[in-house]
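**Q** Under this note's numbering, residues 158 to 684 are what the sequence shown spells out, in order.
It is possible that part of the hints are untrue.
No more than 20 Å apart at the CA atoms, straight line, and that leaves these computed lysine to any residue pairs for SDA-like [what the hints assert, rightly or not]:
no., residue 1, residue 2
1, Lys200, Val182
2, Lys212, Leu419
3, Lys264, Glu253
4, Lys365, Lys541
5, Lys248, Lys264
6, Lys576, Lys541
Keep in mind that the hints were calculated from the coordinates and are not lab data.
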Amino acid sequence: KPLCFNNPFYYEADSLCREAFERVVSYIESADEQFVAEARKGKMFGVLVVENQEKNLGFLAAYSGQINSTFETDYFVPAIFDYLDEDGYFKVHEREISDINREISQKMDSLERKTLQLKFRMIEKTAEETLKSVKSEFAEAKQRRDEIRKQGNLTPETEQKLIRESQHQKAELNRIKQKLKASIAQADSELKAWDNNIQDLRNLRKQKSDELQRWLFSQFVIVNYLGERKNVLDIFSDFNGTIPPSGSGECCAPKLLQHAFLNGLKPISMAEFWYGESPRQEIRHHLNFYPACNGKCKPILNFMLRGLSYPANPLEITQKDGLETIYEDDAIIAVSKPEGMLSVPGKSDLKSAYDIVKEQHQDDEIWICHRLDMATSGILIFAKSKFCYEYIRGQFESHTVKKRYVAILDGKITEKKGKISLPLSPDLDDRPRQIVDRENGKFAITEFEVVSESANETKIYLYPHTGRTHQLRVHCAHYEGLNTPIKGDGLYGRKSDRLYLHAERITFVHPRTGKKITLEDAHNHKW
């Protein structure tokens, strides 16, 4: 039995959790066909090893969200709040919102709206053609008047006649413009009146959705280790002043802990694992363990675990203090950043590489030219002037800087070299995770080359052509990339003693000499 409860945001599943995990997997695979089919589409499951008052050990199991539109199964703990009753408040008001959705769709696709749109376009087109024809006709008339005047010997009566004709045509053109403008405005007004009605329905839908979501979060009353109670809405408000993301309170960890606390069971250790197909965006592999999510679960678990002893998340505490300088001249400084150190100051009070370099060079103007993930070790470049910084930054932005990372993959891959192109964007509900996002993501390209292989690991060189957050980690882990996470990647794979990713070589043009310079940090990692 472990000495204390594990940190749900940074852990390695212990033997008790693994035994519980094997039993849950066995249950899933022997369940009824409908349950198995739904689970195989991809679902997060969790286990919580608990101790009762007689000091006997057992475990609880849960899954995130719903399976087959229900929270209730005999094997898994119940939902914190079951809002799926067809005659209950949530479902009744959800149907109201669905009715508004249907009304919006009907109005958007209605014959009346299409007729108004067609009418507007036809009037607009007719007006354009009419105006063009009238202008052409009046231009020809002006040309005739100009030719008459060129002939000379005009009588005063003829000149007055020409002037009156010109004035009449100008006035007529203005009247036609006003008439056409009024016609277009009338058609536009009719269409806008229809669309304004649709927008009113959209506003009503948003209002009702927001109200229903707030009501739902107010019904999720969370119990913590100390027996205190607070709803999810208030928990997020107290934690960071935000509105909870959709689905907050429905993940495995809160459900497991809630059931334990309500039934007088002491939490011993917990683990969450993915079962089934990998999602298209997130990094999730079948039967791999994952930490609790930050966006939905961190505020809730921070409240639930109050009073319970568990270790701090090492990613949130300083592990390294020293920096080795591997190159320095009057323009730049290159240091070897260890794993576990921030590149630049963050929200916490942790000392960053920038802080240390700044302290060591108090007489210089220090600028950091790029960044490395906290968990990644390797070369960081600093500039001693704004000119040098902008010169080097320009090379990063134009993708002319050449970088080589060395990594150990947690498994073997089939291809020996190749290119990965998967666009990335932040997972807004679980920062700092990144997801593959083909609609809104920024393009990211990585080349790779296998260096060596062992029984269960692969040493690899990675050459990023872009510098997106977690690019190499996601490109290695995602099933459309190498489908093999980097060893020790607790976010996208399995944790180890460290993340085995090291920035060992960088080539760029020196801001003073104008010549290419290559720096290496190959001796500062263990592998």
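**Q** Each of the hints needs a verdict: does it hold here or not?
**A** Here is how each hint holds up against the structure:
1. A threshold of 20 Å between alpha carbons decides the hint, and for Lys200 with Val182 the separation of about 12 Å falls inside it, so the pair holds.
2. With a C-alpha separation of about 17 Å, the suggested pairing of Lys212 with Leu419 holds against the 20 Å cut-off.
3. Between Lys264 and Glu253 the alpha-carbon distance is near 17 Å, which keeps this suggested pair within the 20 Å criterion.
4. Our distance criterion of 20 Å between C-alpha atoms is broken by Lys365 and Lys541, whose separation comes to about 56 Å.
5. Only pairs whose Cα atoms come within 20 Å are accepted, and Lys248 paired with Lys264 is rejected, the gap being roughly 24 Å.
6. With a C-alpha separation of about 35 Å, the suggested pairing of Lys576 with Lys541 is violated against the 20 Å cut-off.
Violation of the numbered hints given earlier is confined to hints 4, 5 and 6; the remaining hints are satisfied by the structure.
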